[in-house]
Amino acid sequence: MNEVRERDPDLVLWQKGRSKAKSFYDTAFVKAIGSSKLGHGAFCSDAGYRALEYTIGTHAVLHPDFRFCNYMLSWGWNITNAGGNKFCWLTWPQHMVKARDRGMKITHIDPRLRSAGPFADNWLAIRPGTDMALALALCHELIAQDFIDRPYLRTYTNAPFLVREDGTVVKVTVGEGDEATDVALVWDEASGAAVPFGEATTPALEGSYEIEGQAVRPGYEVFKSHVAESTPEWAADITGLPAEQIRRVATEFGENALIGSTLVVDGVEVPHRPVGIMAYHMAQQELGFQTARAMTMVPMLVGAVGAAGGQLSDFTWKLHKNYAAFETIDVADPPYDFMLNKSKYYPINTGNPGVVAQVMLDPDRYGVERLPEVAILHMVNPLTAFPSQPEYMESYKKFNFVAVISPWLSETADYFADVVLPSATIEKYEGPISATNQYVEATTMRIPPMEPLFESKGEIDIYMDLCEAMGTLFGEGGYLEQVNKALGLVDDKASFAIPTDSKPTVRQIFDNWSLSQGIDEGIAFFEDPNQSVFVKGPMSPKKMYGYAYDPPFAGALHRFYGESLLDAQRQMKEKGAEEIYWQDYTALPTWRPPTMEGSPSDYEFYLISYHMIEHKQSRSSFVPLLAELAPAARMDINPMSASRLGIEDGDVVTVESHNAITGETRSLVTTAAFCDGLRPDTVGVPHHFGGWTHPQNKGQGASPNEIYFMGEGYVSNTADQAFHVKVKISKGGEL
Amino acid sequence: MAKYAMVVDLNRCQGCRACTEACKIENNTGQGMFWMHVFRFEDGAFPETRMSFLPRPCQHCDNAPCVKVCPTGARFKREDGIVLTDPDRCIGCRYCELACPYGVNYFNWQKPKDSQYSDVISWDDPDIQAITGGAYPPYKNPDLDKEWGPEGRRTAGGNHAKGVMEKCTFCVQRVEQGSLPACVDTCPVTALRFGDISDSESPVSRFIRENEAWSLLEEAGTKPSVFYVGGKPPSHSYKEVERPKARV
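Protein sequence lines correspond, in order, to chains A and B. Numbering of the first sequence is given in the working numbering, commencing with residue 1 and proceeding in unit increments. Numbering of the second sequence is given in the working numbering, commencing with residue 1001 and proceeding in unit increments.
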């Protein structure tokens, strides 16, 4: 690794899948050795993260304020089987059942009813990949029925910005010299003139105006025109939902929003809009980024974003750095780095290991000159956990050296690892771990119940050993200094910093951190089973609600209209990007049929994958107690569809997918499981199986990741993976 | 004397089967045995489909048919309402299994060691034993082998001797030590409640009274000590989905 680092540290690729707790030790390692970095977000919910960072500045997707919410759209939320936005499984169901006790209604939007269990008051069995069309139709109806919170749109969004016919926003320069800034113009209804935003008493949201001979309209007016044809009847054809059902949901959402009302929460009066959306992993679809933007516009229209009972996202309104970064999106010329950052392919780039794999297989195609040579794979198993296996199989062979840090011999480790560094599971110190439930701030720590088993060590020990061997543990810029920075043991807390000239124990690191938090007992507090959770107190409404934040929404102006996206499209075109890359860089979410619709008609089913509550990603199916409850892969199919194909419950079936761009087909064999709570044009396969290194995996069957595709049409827009593909089903096959 | 009862709140149950697993860990039951089974049901054709969940422990009936048919008195009901099995008296005739309308009885076909979840790894391997100290995971809960209650019988499962019946005990070994049954303690959404219904003001009594509680197969006259709130009794149109499957 050091040999490669000396030539170019970027060519050392560190890749992480999942672990718990604050990732300070990861951050410190990457900074200490200067490597490139990849996460798991492109297979999780990052299209939604990017959409929310862009639109309202939060680093999260969507969840409602359950404490006061009365009407929730459970949009692709696998209520009874998975986590939701930001939290794992336990916390959200606890909030949900309490809200149900209060009478909160749930409209469940998902091809599968199975995911909602009995908690769906209303089920919209939507066709996979068409969520944007539904969101646009809901916006259309909210506008048509005048469920619009104009004060919010005028004050906290860029909806009043005047937009030219070419899509650019009219701006003027305010101030002089270093103080000069470009400010958007709005139409002041009081003076009947265009003035800089902030100077108008009542910025117009609607109407058409003229400035210096150019026709201009407020962004909201542009959006109104944009969704004018997006009627429930239009969306019905696309989504497979009855138009009256869409219209009714829009009406219920608008009525329950109580536009204009306020609520006093812990002494703070805030707008009260008890409607919201829970959405998370469903963002990983081809149109995911713009779909999540369109979905966010639904609560934006009624002023529910950041309101009591309304639409929340992160647990703070502190702006993510991408909010400012996305104000201008610069598209660079080649050569690109191997992740294609700032490229004409993915100007907004989540960082997708699959993209790296594709680039490694054909760097010339993507204008990439330098490829990674060394990989450190930490708790990540691309071969079974990510689409798509063939590309990883070939591309990872190109690494000169692969080190794996993992508690298990994963399939990826089995194929590629030169060295496996076995990591402990629970028998290690790990933290700090947020123990908040959204309403109370709290922190906890994992305390080892015993010494690490076999030859394993906790990750922090492994990273310290690695850095020591690499000569990057001590001194300025070394791992220990980076640990101090990542844990905030600097500046006014520098007295708690760990020394950078001697190797500490992990317990010492956490003891210093605990003391820095004002916990007098240090790590002993967390080691005491009668304490163990450090409760800071209730979350202040001034922190929780965007309207009450100081300044409101942390000073963000919510990007209803996405001018910089359109600008990115212009740059992509100028640099010769193909339409499939730039087509979704639009100022407003714009519906188009997903690429998969180009597959031949005999690929008549949509394949979705899903999470079962018994398992965790692809790393628990070998646990015998869990495998007894959820023993094997299967293909859920509606009995009506199965009957047409002559398939009985439990029959062996072959599922063949088709790549609408390349024509490639892939297949897996599994058993059919009848499921009435599933659209007849959709089949579902859980993603927990398909492993082969552990003897307990034997006979469990395949993973849908084996037949999904990466590349154009399936990795899109923000370099995020879509978990949709068209498939055909046939009876028979060899298990 | 307390009279124990359980209430299952179907308005809250997520069907997650954490209760099932908690039961297995606490009681070290063998493969394929689910003293606390959670049904997942579908009812109706698309798009009018509904889903429901139904946790089903032993109903600890006041008029328990399993007790009536037991020829040896191995199956008996305590004064506090808990229906238990004495493995030292059970002759394995399985009459209780036939008599019970709820399907909660399991017969131990194998020795405990063979029915556990260790069919891939050899726990007798000296290298493995060097690490495990000779233990056979999951470890044997010593409480299961103790004598409980005024009867002084090994009624907490008796460590699952081959050839005898077993079923949910309301975790008698925990209740007698002041704890809740493992399933109740584990449920993340408080869908399971447990308490003394001889006290009309106990939380569980009030919860039953304030909600329209019902019992499974009320027409059978078994008078269960397990009550349900919310949902409705399963009907013949219900289809069970996602059944657990014994691995051996």
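No lab work stands behind these hints: they were computed from the structure. Check before you lean on any hint, since a few could be wrong.
Under the rule of at most 30 Å between Cα atoms (straight-line distance), these lysine-lysine pairs were calculated in the DSSO-like manner [as the list claims (entries may be wrong)]:
(1) Lys98/A / Lys321/A
(2) Lys1245/B / Lys728/A
(3) Lys1111/B / Lys98/A
(4) Lys1077/B / Lys1146/B
(5) Lys728/A / Lys1239/B
(6) Lys1239/B / Lys98/A
(7) Lys698/A / Lys1111/B
(8) Lys31/A / Lys397/A
Just so we're clear, the structure is a prediction, and the values are computed from it rather than from any experiment.
Evaluated hints:
Using a Cα cut-off of 30 Å, the hinted pair Lys98/A and Lys321/A is violated, with the two alpha carbons roughly 35 Å apart. Note on Lys1245/B and Lys728/A: the hinted pairing holds, with a Cα-Cα distance of about 28 Å set against a maximum of 30 Å. With a CA separation close to 44 Å, the supplied pair Lys1111/B and Lys98/A exceeds the 30 Å bound. Using a Cα cut-off of 30 Å, the hinted pair Lys1077/B and Lys1146/B holds, with the two alpha carbons roughly 18 Å apart.
Between the alpha carbons of Lys728/A and Lys1239/B the distance comes to roughly 26 Å, so the proposed pair stays at or under 30 Å and holds. Pair hint Lys1239/B plus Lys98/A holds up; C-alpha atoms about 29 Å apart against a cutoff of 30 Å. At roughly 25 Å between alpha-carbon atoms, Lys698/A and Lys1111/B fall within 30 Å of each other, so this suggested pair holds. Restraint check for Lys31/A and Lys397/A: the C-alpha separation of about 26 Å stays at or below 30 Å, so the hint holds.
Taken one by one, the earlier hints fail for this structure at numbers 1, 3, listed in ascending order.
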